[in-house]
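Take the given structure of chain A and dock chain B to it, following the hints.
Protein chains in written order, with the UniProt record's numbering: chain A, 1 to 404; chain B, 1 to 404.
Each hint should be verified, as a subset may be incorrect.
A pair counts as met if it fits within one copy or between any two copies, since identical chains are not told apart.
[Claimed, not checked] Below, a list of computed lysine to any residue pairs in the SDA-like style, where the Cα atoms sit at most 20 Å apart:
| no. | residue 1 | residue 2 |
| --- | --- | --- |
| 1 | 177 | 146 |
| 2 | 358 | 235 |
| 3 | 358 | 59 |
| 4 | 177 | 149 |
| 5 | 177 | 276 |
| 6 | 177 | 279 |
| 7 | 177 | 144 |
| 8 | 358 | 139 |
| 9 | 177 | 150 |
| 10 | 177 | 278 |
| 11 | 177 | 280 |
| 12 | 177 | 277 |
| 13 | 177 | 145 |
| 14 | 177 | 274 |
| 15 | 177 | 356 |
| 16 | 358 | 344 |
| 17 | 177 | 282 |
| 18 | 358 | 143 |
Hint data in this document are derived by calculation from the structure and do not stem from the laboratory. Keep in mind it's a predicted model, so treat the numbers as computed, not measured.
There are 2 protein chains.
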Amino acid sequence: MTGERPLRSWVQAANEAGCDFPIQNLPYGVFSVAGDAPRCGVAIGDMIVDLAACEARGLIEAGGAFGQPQLNDFIAQGRATWNAVRDRLTALLAEGADEDLPLVAMADARLYLPIRVTEFTDFYASKNHAFNVGVLFRGPENALPAQWTHMPIGYNGRASSVVVSGTPIRRPMGQVKGEAGPEWTACRRLDLELELGAIVGMDSQMGERVSVARAEEMIFGYVLLNDWSARDIQAWEYQPLGPFQSKALGTTISPWIVTQAALEPFRSAGAERVNPLLPYLAEDRPGFYDMVIGWTMNGQPMGRTNYNVMYYSSAQQLAHHTQSGCPMRVGDLLGSGTISGPSPDQTGALLEMTQGGKVPVTVNGQTRSFIEDGDEIGLYAHAEGAGYRIGFGPCTGQILPAMP
Amino acid sequence: MTGERPLRSWVQAANEAGCDFPIQNLPYGVFSVAGDAPRCGVAIGDMIVDLAACEARGLIEAGGAFGQPQLNDFIAQGRATWNAVRDRLTALLAEGADEDLPLVAMADARLYLPIRVTEFTDFYASKNHAFNVGVLFRGPENALPAQWTHMPIGYNGRASSVVVSGTPIRRPMGQVKGEAGPEWTACRRLDLELELGAIVGMDSQMGERVSVARAEEMIFGYVLLNDWSARDIQAWEYQPLGPFQSKALGTTISPWIVTQAALEPFRSAGAERVNPLLPYLAEDRPGFYDMVIGWTMNGQPMGRTNYNVMYYSSAQQLAHHTQSGCPMRVGDLLGSGTISGPSPDQTGALLEMTQGGKVPVTVNGQTRSFIEDGDEIGLYAHAEGAGYRIGFGPCTGQILPAMP
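Isolated chain A (complex conformation) (with noise of 0.2 Å):
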């Protein structure tokens, strides 16, 4: 699209202030109403953009791919047609177009899983995060792992348990380490993350390896991630081999998926560099976004900071996933890694901000060291623009009692 994007929409919702999805936005997810079929959908202030009836009546065009029940094959065609469906969405909607389109009612809406997630990563790119977690695990000399200014670590994640905002997650059962050897117990130490998850959208080849900028492009959009975290579980499994079953009772992503080019306006620099990197993963403009991100528990806000604290930007990470020649596909997932400002009152999981259930905090008047049963945890993130703003809506999930 040439020339200035219109401001407003015929949509009134989308010119409210603290509105998550102006015009300027245009998330994509899949929905369905009173049942019907789930389909692909973009969201405008309370309404949703049907985009499967919008194709059906030839107002745009993504070969059928919005009758599917998850993105992948939208995303599958490639950056010239994200920007030409945004360019198109942009007209139809803005203040002015005289088009009736097909809208459905945000409230009256069920939102599923936006993709189908082909693989998870879960990378630990948060400096403060990895620090004050490592204190916790390893103790103050060993925090920071020797590696982590040099790369993006990162590992595998399970792409089955990622499930969609409004699911609940039942407290899981496991192993832990008890006074006379392992015991079998629900969770004591349930823990949320605040993350953003990338999704790739475009494949890359066995033994390729992509560059930063290529990594760039690859990407599509970013929605909020929950890497629920059973914290006892963890400390009793994670050596040598990483998290397991201690990150496989869910993983809680947004319903919307704010592209990249929605988020274009925000790019900021991330945090210093304690060190140069080697020239696979320089960037060549900032990787990041000046975007408010935090997290409340049973409606109380908790942490709060910038997604710009960051020391590894998602198309780093995406970078380095490559570099032995792994191949990426459309719709992996890859979490950012907790992202914690450098206080108590900015970091993205109970463990940090309360040193590990040491020194609980007060949430609506009771105390909390870990997360409870019945709580419920709720992530959000928005760039504040000229007179907008680009959120991503709520991301939310309920705790259920454990199954013993």
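This is chain B only, laid out in the frame that chain A set:
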């Protein structure tokens, strides 16, 4: 099938001593001939039964699944179908059967990845291997992790880099620890890992904890699995989140899936338990197989041991995998972990055999500490029955030079 299983087939090569594919085996794979469409088949002697053609002729029934280019749709039909097809094929292939079956010569066929790998998890279940590698990475005091004798630890691997036998593997580039800081280099310590891979044949639900007995039922069959490993990249990256790029250069599996049914007569106890297991890991019958497994380098026999040296069975690993509520899906691949006996000539990795490269071995008159460019690694396994052998056929991969 009731009564005695026939011992001989009218496919003569299936009756020869040392044949991996007698009528008692009937492993599943995917093949094509002369560039036609990949489809499902079963190996018998030196031939492949074209299951798609069988289904088209009405000789067997699997809802059209055998016309697919991978076995997932067949496997998803469940144990009753697995049993019915096995019984029917046994009858059709028995000596004296007079049906004219659609066969192709294995020598004329191209073989493919037999399944679309849904997710890949790799375990660490040989006590000898865990101890030997632990000594090299962390010293003898911390060799065996504290939880190792209490749970089958594992990590999520990368499904996108799983390839079929015969696919060349590119030596990876990567970041390693150097004298004066991290270095970017071609891997200098390239290794194999001799493993068995279990293929999950049934889904479990999120929140469902699967018992060891149920896990047994969920396993469709097994493949040979070589989890290529870049030891220098691994040493630098693996703390605290586990192996990542060091394991993503490629994982080679055999083209033939040997069914659990074929291995049933070879059930065996595994390694002696150091301590009792928690009840969720208890087995009510032996979970291993008495089966020789080994590897070759450029044709020379190298490590050779028995699968029954393992400490945790695939069923125990699968059960453990679900304890946090993690859902499993048809096509999930679970690597056993490197299979090593106690002595150097029984080890399933060069890292162990050469004591971290310090004690090189001789291969066809040449010295090897790790794998050199051009080297070909082959895996094999077979269980010896009365007058027949259940084998896997070859599982090979040759190393190509790095692309700097």
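> Between copies, within a copy, both or neither: which fits residue 177 and residue 144 at Cα up to 20 Å?
Replying inline: The answer is between: 16 Å across copies meets 20 Å, while 24 Å in one copy does not.
> Given identical chains, is residue 177 near residue 278, meaning Cα to Cα at most 20 Å, within a copy, between copies, both, or neither?
Replying inline: Classified as between: cross-chain Cα gap 12 Å, same-chain 39 Å, threshold 20 Å.
>> Treating 20 Å as the Cα threshold, decide for residue 177 and residue 145: within, between, both or neither.
In response: Between copies only: 13 Å across chains, 23 Å inside a chain, cut-off 20 Å.
>> Checking an output row: residue 177 and residue 150, CA cutoff 20 Å. Within, between, both or neither?
In response: between (32 Å within a copy, 10 Å between copies)
>> Regarding residue 358 and residue 235, is the shortest C-alpha distance of 20 Å or less found within a copy, between copies, in both, or in neither?
In response: For residue 358 and residue 235, only the intra-copy Cα distance (16 Å) is at most 20 Å; the inter-copy one is 33 Å.
> Can you tell me if residue 177 and residue 282 fall within 20 Å by alpha carbon in one copy, between copies, both or neither?
Replying inline: This pair counts as between: shortest inter-copy Cα distance 19 Å, intra-copy 41 Å.
>> If the cut is 20 Å between Cα atoms, do residue 177 and residue 276 qualify within a copy, between copies, both or neither?
In response: between (40 Å within a copy, 15 Å between copies)
> Within a copy, between copies, both or neither: where do residue 358 and residue 59 come within 20 Å Cα-Cα?
Replying inline: neither (58 Å within a copy, 68 Å between copies)
> Is it within, between, both, or neither for residue 177 and residue 146, if the alpha carbons may be no more than 20 Å apart?
Replying inline: Between. Shortest inter-copy distance 9 Å satisfies the 20 Å Cα cut-off; intra-copy 27 Å does not.
> Under a CA distance limit of 20 Å, which applies to residue 177 and residue 274: within one copy, between copies, both, or neither?
Replying inline: Classified as between: cross-chain Cα gap 17 Å, same-chain 36 Å, threshold 20 Å.
>> Cα distance capped at 20 Å. Does residue 177 pair with residue 149 within a copy, between copies, both, or neither?
In response: between (31 Å within a copy, 13 Å between copies)
> Quick one: residue 177 to residue 280, C-alpha cut-off 20 Å, is that within a copy, between copies, both, or neither?
Replying inline: between (40 Å within a copy, 16 Å between copies)
In this structure, the one hint that does not hold is number 3.
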